[in-house]
Amino acid sequence: MRVAITGATGLIGRALTTSLLSDGHTVVRLVRRPPLDGGAPGLEEAEWRAEQGRVDSVALRGTDAVVHLAGAPVVARPWARRRHELVHRSRAHFTRELCRALAGMDHPPPRLLSASGVHYYGRTGSTVAVEGHPPGRGFLSRVCRDWEEATLPAEEAGMSVAHLRTGLVLAREGGLLRTLVPLQRMGLGRRLGPGDQYLTWISLTDQVGAIRFLLERPDLTGPVNLCSPEPVGNAAFCRELGRALGRPALLPIPAALVRATLGGPVEESVLLDLRAHPERLEKAGYSFSFPMVDRALSDILTHPRPSTGA
Numbered sequence: 001m002r003v004a005i006t007g008a009t010g011l012i013g014r015a016l017t018t019s020l021l022s023d024g025h026t027v028v029r030l031v032r033r034p035p036l037d038g039g040a041p042g043l044e045e046a047e048w049r050a051e052q053g054r055v056d057s058v059a060l061r062g063t064d065a066v067v068h069l070a071g072a073p074v075v076a077r078p079w080a081r082r083r084h085e086l087v088h089r090s091r092a093h094f095t096r097e098l099c100r101a102l103a104g105m106d107h108p109p110p111r112l113l114s115a116s117g118v119h120y121y122g123r124t125g126s127t128v129a130v131e132g133h134p135p136g137r138g139f140l141s142r143v144c145r146d147w148e149e150a151t152l153p154a155e156e157a158g159m160s161v162a163h164l165r166t167g168l169v170l171a172r173e174g175g176l177l178r179t180l181v182p183l184q185r186m187g188l189g190r191r192l193g194p195g196d197q198y199l200t201w202i203s204l205t206d207q208v209g210a211i212r213f214l215l216e217r218p219d220l221t222g223p224v225n226l227c228s229p230e231p232v233g234n235a236a237f238c239r240e241l242g243r244a245l246g247r248p249a250l251l252p253i254p255a256a257l258v259r260a261t262l263g264g265p266v267e268e269s270v271l272l273d274l275r276a277h278p279e280r281l282e283k284a285g286y287s288f289s290f291p292m293v294d295r296a297l298s299d300i301l302t303h304p305r306p307s308t309g310a
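Taking the UniProt record's numbering, the leading residue of the sequence shown gets 1, the next gets one more, and so forth.
Derived from the structure by calculation, the hints contain no laboratory data.
The reader is advised that the hints may include incorrect statements.
Claimed, not checked - Cβ pair distances, simulated, as ranges: (1) 35 <-> 126: 45 to 55 Å; (2) 221 <-> 23: 40 to 50 Å; (3) 105 <-> 292: 37 to 47 Å; (4) 85 <-> 106: 26 to 36 Å; (5) 255 <-> 135: 18 to 28 Å; (6) 24 <-> 287: 43 to 53 Å; (7) 247 <-> 289: 23 to 33 Å; (8) 247 <-> 221: 43 to 53 Å; (9) 146 <-> 292: 15 to 25 Å; (10) 152 <-> 86: 20 to 30 Å.
In this text, all values refer to a predicted model and were calculated from it rather than measured experimentally.
Glycine included, every Cβ here is placed at the ideal spot set by N, Cα and C.
All chains, full assembly: derive it from the sequences and hints.
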């Protein structure tokens, strides 16, 4: 299989690239600079001018699928109005321009997996959000709605499009754990904020596994929740993290400190009370490697992996 990836140097993109290359597939990294030699067998680069809506159609000839993961980080400091605009533009606008470029090819790749987030649903509390659940309110919910709608040109061109509504990705080398682990080692993190909110998560192993599963299932289109079937309460998550580290936390982290440490709209991300379920993924037959958070954290923190960089 020949797969083109945007955001290939990010947390998920690196892991997906490594997984595909290890199984003998070809990966084309779509980059916003002059392309270089891939530097590894099966690894290529092609230019993608996001602002101008241009992609190297010659380099993408014969590509079986595009996995679109690029987007400015949501959790970032400092956070200001211009950051809102960057987060929205890097998703909705760049996705629309990419899809227009793909649609303009003589033979567009047949499959597109485009990133999105479970933040689409907003705050759900104890209500379980499956793919048919209505959108929520707030900035990140609007971003996800616009992000998904931006793939319309690809759909109209006949591409099979799925939206990857992803939960908080757990990995040692990035994401939420990169911030929480040092705090836990200092005895902080018995809970984040109030602690009773649900946390919808997925291990990096299953994130990559689910994407690869969907690459083989072009019949699965539209939204697909990429999250563990077992969401967990925030305080319970922090307790399991302390266990995995052998360092139970004694002190909670107030919401204000979470906001100052992580930056961004934490009330709509890390502190969001959201309970999503991967209904379509499970019904399609995907088997999770780590459905339970205790085993996921134990695997992540006690079995260090080599860098996923190519």
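Now the hints, each set against the structure:
no., hint, verdict
1, 35 <-> 126: 45 to 55 Å, "holds (48 Å)"
2, 221 <-> 23: 40 to 50 Å, "violated (24 Å)"
3, 105 <-> 292: 37 to 47 Å, "holds (43 Å)"
4, 85 <-> 106: 26 to 36 Å, "holds (35 Å)"
5, 255 <-> 135: 18 to 28 Å, "holds (24 Å)"
6, 24 <-> 287: 43 to 53 Å, "violated (22 Å)"
7, 247 <-> 289: 23 to 33 Å, "holds (25 Å)"
8, 247 <-> 221: 43 to 53 Å, "holds (44 Å)"
9, 146 <-> 292: 15 to 25 Å, "violated (34 Å)"
10, 152 <-> 86: 20 to 30 Å, "holds (22 Å)"
Checked against the numbered hints above, the structure violates hints 2, 6, 9; every other hint is satisfied.
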